[in-house]
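Listed below, chain by chain, are the residues.
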Amino acid sequence: MSVSAVGGQSAVAIAQLVKMRAQYDDLQRQLSTGQKSSTYAGLGLDRGVTVSLNAQLSQMSGYDSTIQTANTRISLMNTALGQMTDITSQVKAAMVQANTTGSNGSGPSLAQQTAQSSLDQIIGLLNTQSGDRYLFSGKATDTPATDTTDHILNGDGSKAGLKQLISERTQADLGADGLGRLAINATSTTSMNMAEDSASPFGFKLASVTTNLTGVNVAGPTGVPASLDIDTTGSTPNDGETLTLRFNMPDGTSQTMTLTATTSTTPSAGQFTIGATDADTATNLQAAITAGVTSLGKTSLTASSAVAASNDFFDADSGNPPMRVDGPPFDTATGMVAGTTANSVIWYTGETGTDSARATATAQIDPSLTVNYGARANEVGFRTLIQNIATLAAVPISGTDPNGRDLSTALNQKLTVNMAGAPGDQTVTNIATDLAGAQTSMQAATARHQQSTATLGDFLQSIQGVSNEEVGTELLALQTRMQASMQTTAMLFQTSLVNYLPK
Amino acid sequence: MSLSQALSAAISGLQVNQAGLALVAANVANADTPGYIRKTVTQVATAGNGTGISVYMSGVQRELDTYIQSQLRTENSGASYATTRSQALDQLQDVYGTPGSANTLESVYNTFTNSLQALQSSPDDSAARSAVISAAQLLTQQLNQSSNSIQALRGNAELGISSAVTQANDAMTQIAALNQKIAAAGSGNTDSATATLLDQRDSYVDQLSQLMDVKVIKGDNNQISVFTNSGIQLVGTKASQLSFDAQGTIGAGSLWNSDPDKRGVGTLTLVSPTGGSVDLIQSHSIRSGAIAAYLQLRDQDLVQAQNQLDGIASAMASALSDKTTAGDPVTSGLQNGFQVDISGLSAGNKITVNYTDSLTNTAHTITMERVDDPSVLPLANDAAASPNNKVVGIDFSGGMSSVMAQITQALGGTGMVASNPSGNTLQVLDDGAGNICDVTSLTTTKTATTLSSGDVQVPFFTDGTSSYTGAITAQGAQSVGLAGRISVNSALLADPSKLVAFAPGTAVGDSTRPDFLFSQLTSGNMQFSADTGIGTAGQPYSGSISTFLRQVVSAQGETASAASNLKDGQDVVLSSLQQRFNDSSSVNVDQEMANLLTLQNAYAANARVLSTVKQMFDTLIQM
Chain A
-1 MSVSAVGGQS
9 AVAIAQLVKM
19 RAQYDDLQRQ
29 LSTGQKSSTY
39 AGLGLDRGVT
49 VSLNAQLSQM
59 SGYDSTIQTA
69 NTRISLMNTA
79 LGQMTDITSQ
89 VKAAMVQANT
99 TGSNGSGPSL
109 AQQTAQSSLD
119 QIIGLLNTQS
129 GDRYLFSGKA
139 TDTPATDTTD
149 HILNGDGSKA
159 GLKQLISERT
169 QADLGADGLG
179 RLAINATSTT
189 SMNMAEDSAS
199 PFGFKLASVT
209 TNLTGVNVAG
219 PTGVPASLDI
229 DTTGSTPNDG
239 ETLTLRFNMP
249 DGTSQTMTLT
259 ATTSTTPSAG
269 QFTIGATDAD
279 TATNLQAAIT
289 AGVTSLGKTS
299 LTASSAVAAS
309 NDFFDADSGN
319 PPMRVDGPPF
329 DTATGMVAGT
339 TANSVIWYTG
349 ETGTDSARAT
359 ATAQIDPSLT
369 VNYGARANEV
379 GFRTLIQNIA
389 TLAAVPISGT
399 DPNGRDLSTA
409 LNQKLTVNMA
419 GAPGDQTVTN
429 IATDLAGAQT
439 SMQAATARHQ
449 QSTATLGDFL
459 QSIQGVSNEE
469 VGTELLALQT
479 RMQASMQTTA
489 MLFQTSLVNY
499 LPK
Chain B
284 MSLSQALSAA
294 ISGLQVNQAG
304 LALVAANVAN
314 ADTPGYIRKT
324 VTQVATAGNG
334 TGISVYMSGV
344 QRELDTYIQS
354 QLRTENSGAS
364 YATTRSQALD
374 QLQDVYGTPG
384 SANTLESVYN
394 TFTNSLQALQ
404 SSPDDSAARS
414 AVISAAQLLT
424 QQLNQSSNSI
434 QALRGNAELG
444 ISSAVTQAND
454 AMTQIAALNQ
464 KIAAAGSGNT
474 DSATATLLDQ
484 RDSYVDQLSQ
494 LMDVKVIKGD
504 NNQISVFTNS
514 GIQLVGTKAS
524 QLSFDAQGTI
534 GAGSLWNSDP
544 DKRGVGTLTL
554 VSPTGGSVDL
564 IQSHSIRSGA
574 IAAYLQLRDQ
584 DLVQAQNQLD
594 GIASAMASAL
604 SDKTTAGDPV
614 TSGLQNGFQV
624 DISGLSAGNK
634 ITVNYTDSLT
644 NTAHTITMER
654 VDDPSVLPLA
664 NDAAASPNNK
674 VVGIDFSGGM
684 SSVMAQITQA
694 LGGTGMVASN
704 PSGNTLQVLD
714 DGAGNICDVT
724 SLTTTKTATT
734 LSSGDVQVPF
744 FTDGTSSYTG
754 AITAQGAQSV
764 GLAGRISVNS
774 ALLADPSKLV
784 AFAPGTAVGD
794 STRPDFLFSQ
804 LTSGNMQFSA
814 DTGIGTAGQP
824 YSGSISTFLR
834 QVVSAQGETA
844 SAASNLKDGQ
854 DVVLSSLQQR
864 FNDSSSVNVD
874 QEMANLLTLQ
884 NAYAANARVL
894 STVKQMFDTL
904 IQM
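If you're matching them up, the sequences are chains A and B in order.
Here the first sequence is numbered in my numbering, starting from -1 and rising by one per residue.
Here the second sequence is numbered in my numbering, starting from 284 and rising by one per residue.
These are calculated hints, taken from the structure and not from any lab test.
Each residue gets a CB set at the ideal place from its N, CA and C atoms; glycine is no exception.
Mixed in with the good hints, there may be bad ones.
To be verified - A few chain A positions that, by computed beta-carbon distances, are all more than 12 Å from chain B:
| id | residue |
| --- | --- |
| 1 | SER115 |
| 2 | SER135 |
| 3 | THR187 |
| 4 | THR263 |
What the hints assert, rightly or not - Here are the simulated DSBU-like cross-link-like pairs (lysine-lysine), alpha carbons at most 35 Å apart as the crow flies:
| id | chain 1 | residue 1 | chain 2 | residue 2 |
| --- | --- | --- | --- | --- |
| 5 | A | LYS157 | A | LYS90 |
| 6 | B | LYS498 | A | LYS17 |
| 7 | B | LYS673 | A | LYS157 |
| 8 | B | LYS464 | B | LYS545 |
To be verified - Pair by pair, the computed Cβ-Cβ distance ranges are:
| id | chain 1 | residue 1 | chain 2 | residue 2 | range |
| --- | --- | --- | --- | --- | --- |
| 9 | B | THR316 | A | THR487 | 15 to 25 Å |
| 10 | B | SER806 | A | GLN449 | 18 to 28 Å |
| 11 | A | THR444 | B | PRO704 | 53 to 63 Å |
| 12 | A | ALA434 | B | LEU642 | 30 to 40 Å |
| 13 | B | VAL311 | A | THR487 | 19 to 29 Å |
| 14 | B | ARG891 | A | THR487 | 39 to 49 Å |
| 15 | B | ALA877 | A | ALA20 | 55 to 65 Å |
| 16 | B | ASP377 | A | THR444 | 34 to 44 Å |
| 17 | A | LEU495 | B | ARG891 | 37 to 47 Å |
| 18 | A | GLY32 | B | ASP377 | 40 to 50 Å |
| 19 | A | THR444 | B | LEU642 | 16 to 26 Å |
With the hints as constraints, model all of the structure from the sequences given.
Below, the structure is given as structure tokens:
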């Protein structure tokens, strides 16, 4: 509205002055706040764009902090994975060392000690936290990924641990007589029979028998439970001829036992003396087989049994407790039974799900780009490591038992093979590769965001902000105009005829 | 010719000079009086006896340019309208905050979505959960506060009308009273007193012209009649009176309606001296001036601003809580269609049938909305924001058979067949062999009511303490004024872990629900009603809440800026008109001083004549 109240000639002049003053105040505000306007109305046509830009910038900063968080977590996971690889190498080295040191060496126990401490470390690494978040528990980020090393190995109160399962399985596999659930009996003076004691999953499973012993006849294995026959009637074995038995082992491997005929009266292990008669040969052969089986039972079968028990123990989660030997008594058990969470330690305590472990933690790093970086400690890659190292730590190897060394060797061989995993199985390296992929995507996104943020920020500034130089210049120009205008207005008011009338 | 004639001529000259001097004095004294019109003496030479010449003051002339005066009044109304509206819209701009500051609606909204991003990456972090809750609370408070501010501005407009009405009544009464006084003074030449009365009356008309658009018709005897531009008489010989029943409390639901029972705000009535009355709002009689600006603000601008906030609030609530389930395809003989479970619908939830009219190949939508208050039936087609839409309210109180009857009726004439194969299942099939229509989809939209239903949808925001389903009741749509009532679900406040736990046993690190919340708020496609002023009924605005927010800020900024530009323009026009008016009608002291000198000289000259005549008389007498 105009200033009609002031009357006089100056309505327009005064309105102009008021307007200039308002402009002056606004320029001053612009200079002090750096903002073009204090309302959206004053921003001009691009005001809507600022809303979008702010939203984009805000989202971008959200994505960036997501990336930062995820990056921290992935770095921690990478560190853990790297250490796990180192630890694995150490354990492998210790096993090789154990195999090459002398029979009286402290190799086996050293390897076991290494395994024990490595297990501690790996469990520690799998329970790595970023803040309060467990990184290897899938979506259950508030619970540790695994139980403690002590509970895993030794059990927790009434819940059985790995050692207990190995012990039960060893009893079941060896049988009371240590013959691996086989019965070896003479069926006549010149023939013998080997039979599994039951159709159980335990002990040696007869796979085949072959021989080139002249005149010795072998038959089988046939039937369920399987049995085979060896007949020496009318045989004339020669020195160096052999008989080979092949057994399927509890862990799915097979084991051969070869007995070589010798004329020596003091046969060493794996040899039998060719007797003067068929009956003598049969007796010697049976004794050699029994000794061989007993020896294999204490070494290869025990190792294989431990691997099988360990496999059962680690192939379990809370919804799926481990399979255990149906006993006691264990040495005559004929089947497996599912354990319960009440009687068995569940080593993996994180979240289980059928979806990909990687998808258990996601980071949306762009409007359309999501990277996955979750992990579960029971993924094959981790499980392979922890299972084999725990097995090595858990199998009782006596330093005084003459078979101790062989048991150690058998175990180390199996574990070394198992640690490498079957071709196509996931390894820790695969997991690290997945994470590296996520990190690469995030790095690229960060770079993109930096560039976009700068561009959008500039754009926003060009709409919302002011250039100090420009405002300063305008301010000066306006000041000059105002001064001039005020001066002339004042002069106009002073120039009145009243002043010049004769007094 | 005689000396005495000269004497009397000189005396009359002196008298006119004195009167002129008195007017100069009055002009100078009133130089700054608003509404004062410069007066000049009208002097006439008189001749007596064919020879004598004298001077006579015939009256006082008001130096008034009536053409400019009427222009000025029109622009005065316009300027007053523009100023009032611009000032209020400037205040409304404050509701949206200072761009770039932390208290704008957009930045509070961004903070909220940002907190959800943090929750996405750390669903297990209770600090992140609390941050989401407090950011959401901040957002609802901001909406509540903005809504309150808008309603307060509407309340101000209501009060503004009220006080404008008082002023207008006063002015109209005064104009009528002055009309009578001027009539009493009679016609003919105006004297100084009458001129002052005219000045006063003009000043009241000026006042009135600031309040509304007026047209002044001059009658005989210096009388005027005042009309609105729409032709309603305000003042004749007597004044009409305006009445306005201002309402004390104004909320989002208080709207103007021609039906007094449904009206939540005051209405403006003109009572003529004869007792007839007319509703000026209904007849759109006031088109300019402060009153028109207040009405525009109260009933249009601010209502739209509120609708926009309500649109944001209801979109936020629905985006997070509404689950849309597509029907399963079924085939029966030649007929194809869909089946969907229609149990568990809350009032305001919808069953949507999309079909194509095969004859014209046009896509149509029939939206069937659950209504628990049968008094609002039938619903208008704009009850749901979607084009080519037919909206039908379905009353569920009569059980499934009644519902099916209503649905069958709703689908009537389309060729589609609705049936109820079992339980709560609704089956809609096309017409089969006839092939005049094809059912493209059948969906239900249900509002989640519990926090851990197993669905990612969650009733994150509530309408006060009750859930928001968009129900339509006799009190109006639930969305009206939602921005003022929206709050974070108190159950969620009590248990923020439900931000993550969408089902019993959800792992704490599961980001499924935070992912959903974030994507719904930033990219979920929503449709917004045309009464927000964004989009049209035929093509409602459809986009994410963020982009709608952009449209709102843009539109409001544009409105305020346009109003401000209009005001600036009006100010310039008014100033220059005022200047022209002043040039011709107001007192110029220099001019008066010049007159003073002239009068002084004339007075001296007359006095000289007088003194010469005296000398001549003396000479004559001494002879």
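Worksheet item: Looking back at the hints listed earlier, which ones does the structure fail to meet?
Response: 2, 7, 8, 12, 15, 17, 18, 19
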